[in-house]
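**Q** Protein chains in written order, with the numbering used here: chain A, 3 to 444; chain B, 184 to 573; chain C, 23 to 234.
What the hints contain is simulated information worked out from the structure, not anything from laboratory work. The reader is advised that the hints may include incorrect statements.
Stated by the list, open to error - Example chain B residues on the side facing chain C (calculated, C-beta under 7 Å, incomplete):
#1 ALA278
#2 ALA279
#3 TYR550
#4 GLN557
#5 ALA559
Glycine included, C-beta positions come from ideal geometry on N, C-alpha and C.
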Amino acid sequence: MSAWLLRDVRPYGEDAVDVRLVDGRIAELGRDLPTGDSRVLDGASGVLLPGLVDLHTHLREPGREDAETVETGTRAAALGGFTAVHAMANTDPVADTAGVVEQVWRLGRDAGHCDVAPVGAVTIGLAGETMAELGTMADSAARVRVFSDDGRCVSDAGLMRRALEYVKAFDGVVAQHAQEPRLTVGAQMNEGVVSSMLGLTGWPAVAEEAVIARDCLLAAHVGSRLHVCHVSTAGSVELVRWAKSKGWDVTVEVTPHHLLLTDDLATTYDPVFKVNPPLRTAADVEALRAGLADGTIDCVATDHAPHALEDKEAEWGAALPGMTGLETALGVVVETMVAPGRLTWRQVAQRLSAAPARIGRLDEGPSPQGRPLAVGEPANVVLVDPAASWTVDPRQSASRSRNTPFAGRTLPSRVVATFLRGRPTVLDSAIVETAHAGPGRA
Amino acid sequence: MRTATRGPATPPAATRSPSGGDPAAAGTATPGTAAPDTPAQDTATRDTASAGAGNADGTDPRPMGRHLLSAADLSLDEATLVLDTAEELARVSQAATVKKLPTLRGRTVVNLFFEDSTRTRTSFELAAKRLSADVINFSAKGSSVSKGETLKDTALTLEAMGSDAVVCRHSWSGAPANLARWVRGSVVNAGDGTHEHPTQALLDAYTMRQRLGRVEGLKVTIVGDVLHSRVARSNVLLLHTLGADVTLVAPPTLLPVGVGAWPAAVSYDLDAVLPTSDVVMMLRVQRERMGPAGERGTAYFPSAREYARRYGLDVRRAQALPDRAVVMHPGPMVRGMEISPEVADGVRSTIQEQVANGVSVRMAVLYLLLGGAQPAIGSVPSEPGRRGLS
Amino acid sequence: MTATPSTPSPVLPATPPPATPPPGRPPTPAAPGSRAVLQGSDVLRVVDRIAHELLEKTGGGQDVVLMGIPTRGTTLARRLAARMAAFEGATVPTGSLDVTLYRDDLRLKRPRALEPTAVPSGGVDGRLVVLVDDVLFSGRTVRAALDALADLGRPRAVQLAVLVDRGHRELPIRADYVGKNIPTSLGESVHVLLQEVDGRDAVLLGAAGEQR
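From just these sequences and the hints, can you work out the full model?
**A** What follows is the structure, encoded as structure tokens:
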């Protein structure tokens, strides 16, 4: 493997140095390194971050290859600066067996754009009734550590308790999609002033918060760790803050769209703004930003949810919920958190790389993710031009789907290059078209 | 004739939607429709010109109005224009031996009904035909449950037919707004899900004006299933625009969360409100809203009997109304539960009136949307918003 | 015609028009560059003459219904009826006929607000209906009025009375009673002002771009 010398880059946005990547690892960090036989990338004082890790990606394969495939989804991920994504389990067939998770994992390895860590379903068929063979998935080649029925809530308290307990045996975590189903029958958008005017059935904040409160108490009771997907309300942030103050092992994620968009976008009835959990109010957005800033919210996860055109070009009520987000995630975080001075670049690295890798236990094993920028660590890095800006054009997306809510919006900062174990997956903000080179997460 | 006045300057689009869109986005929404203002030599322009001063260069800052999707699409001047026009049309229709006017000859109006409603469809059909428009009835049964591709495909078909207006009834809230993005003609919302039914509100206001001589200052009480009522939403918005005081009366379970932000008062006590009501509008309550919990969620109230006792309009309650008060019902009525048979029969005359008024009001809407080079009323749907918190 | 103000000196007591225009209608100022072709008493005299002609040609106003085309045609119809009553005690019913919905130029402008249509209680069937308008120009308004009238009933005959005929007909239509012929160029505009509507009586000839 050839060596790369990244000249004039600023790790974590701090002092400029040169960084040499050799044999998949960071070999040298220092000023004025000799070129030697390395290929050189001029960093132009861009920000160097550890490769981003997404805890929450829908790659749709198997089952809805018309909306996304592992290949197209991981291309979008690499362009967004990600070197690892967790592929959610709500595929068809559902990723509730070792066979399916290994298939997804292999597809990711073969595509080679970033690592794909499959998420296993908590219950068979996401039906919320019978626990899937979590241990077998954990022991498979895919080394599953995150289990989730995402898209549906594990609403049965008894079942949730058992799942939380059971995954302790292999250091797994249940990632809960917190949505009390009886409070969200037919729900279409955040319940509030806007839903009342639009005549769309409300999805009340309490339906999320009640489940989070219950699950925090359950996790504490059985001494398990709990991860909560896509928190969206101010009340959820408060509950998590309380749970953490008790010392309970609870982690949470927030999506980029919940950090930026509000429910009044639904007044257009354009289903591109339909998502689950729904866009909330400006007060919720502010609470989420504050929670992410003070660490109550551990990480940003995209909930990248591609949908085929016919599932989005529909009446609001008939359209499927979800938004794409891999390529826009960093830009939204910079706009909402970095530009206003609420997060440093070092904290961005924590919230988008180290924390999600830790939650998914990707920071362990032979080729770990989410590690710091230090000599000897795996060369998973992303180079960002913080001064650039770009306008989101759905037609330019590497995703097979076009359902980005940020279309037409200009976002700050741009991913220039992404390296996966020392190999560039993105250069000059474009995919590097090579056959996969790395061994994946062996 | 007076010398030309400037064209209608209109409040920013954002103030016209229920909860406000992004003014900047809305302002740039449809470059194609920002037609230059024609010299305002006609009275329609004069009538709509009072909302504000025009631009110095004489261009209308607002994209031309095109659709009637929400009662909020109508400014006070526009709503008044619709009612005045309906009144004249009713007078002409009454006086004429021939019930057909040549006004919309050559225009095509499509009735696109994804949900059965013989009354509303017939009313629109009659209105269009009285103005000599060609009418195509396009009923798309069962499409409410299928994927939206159907709606878009249908829209493109209508587009190919060259329809000038699409009158759309749909079981999903917002479907007419979606349609408006896909067709070039005007879209009239004939009832969408639990969202709005603006022409129903117009005919209700028309009936009030006819019965009581005015709408401004009237105390209007709307009783019943506000949560699921598109009639209630449109009426609240339109009556507010026209200067009436609206009070909503319902069990708390049948009022939406967020109703506090509506331009209406809220009460749970019908008896307290009736003595000061000029108009009582009884909304239909669907029986599936009560009873045991099921697939569709939990019940909103325990029984028809209890509902009738607390919110039904019976003879005793009707006697508490002031002498001139009018009882209205968008129909069809659930006798015995929301309205007692005796009161219902008293109401019937209003219902007959409302049927005739419905045709006049819909004629007015079609005339004002299609009768000229540019629509005189309505709004363009705002573009997908471009804002977050920052 | 001179543009000097003149005081009304009617032969007979003129129908007293309202001293002030209705609220919301400020006295219409002369458009810049326009000049008065008729004003004040000229207009009154012309109206009187048409009233006399009407009485003469209709046998004292027998069976006549005056249908004015809003806005000023309606006002003129009322004036004519009042003068016919003053001259010979004829009781001539008046009404108004809005032709907006029958116009052939609807699609050239925004939809117009409708003006009132009012048919006298006796109706128009079997009557001699005299359409009354302020200015006869292309003839299209009168054509629309004929269509509108046909929907209201079947008059025995229809005639046309106008205060001003400015020429440039686009249809085979002529007036039976003309107050004044005013030769104009196409680019000019003719405005009739009436006391009841505009605060004064006048016929103004103006520059281009102001015609109705």
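**Q** Against this structure, judge whether each hint is valid.
**A** Now the hints, each set against the structure:
About 5 Å separates the beta-carbon of ALA278(B) from the nearest beta-carbon of chain C, less than 7 Å, and the hint is met. The restraint placing ALA279(B) at the interface with chain C holds, with a minimum CB-CB distance near 4 Å, inside the 7 Å limit. Checking TYR550(B) against chain C by beta carbon gives a least distance of about 6 Å; that is within 7 Å, so the hint holds. Hint status for GLN557(B): holds, given a least beta-carbon distance of 5 Å to chain C, under 7 Å.
For the restraint placing ALA559(B) at the interface with chain C, the shortest Cβ-Cβ distance is roughly 4 Å, inside the 7 Å limit, so the hint holds.
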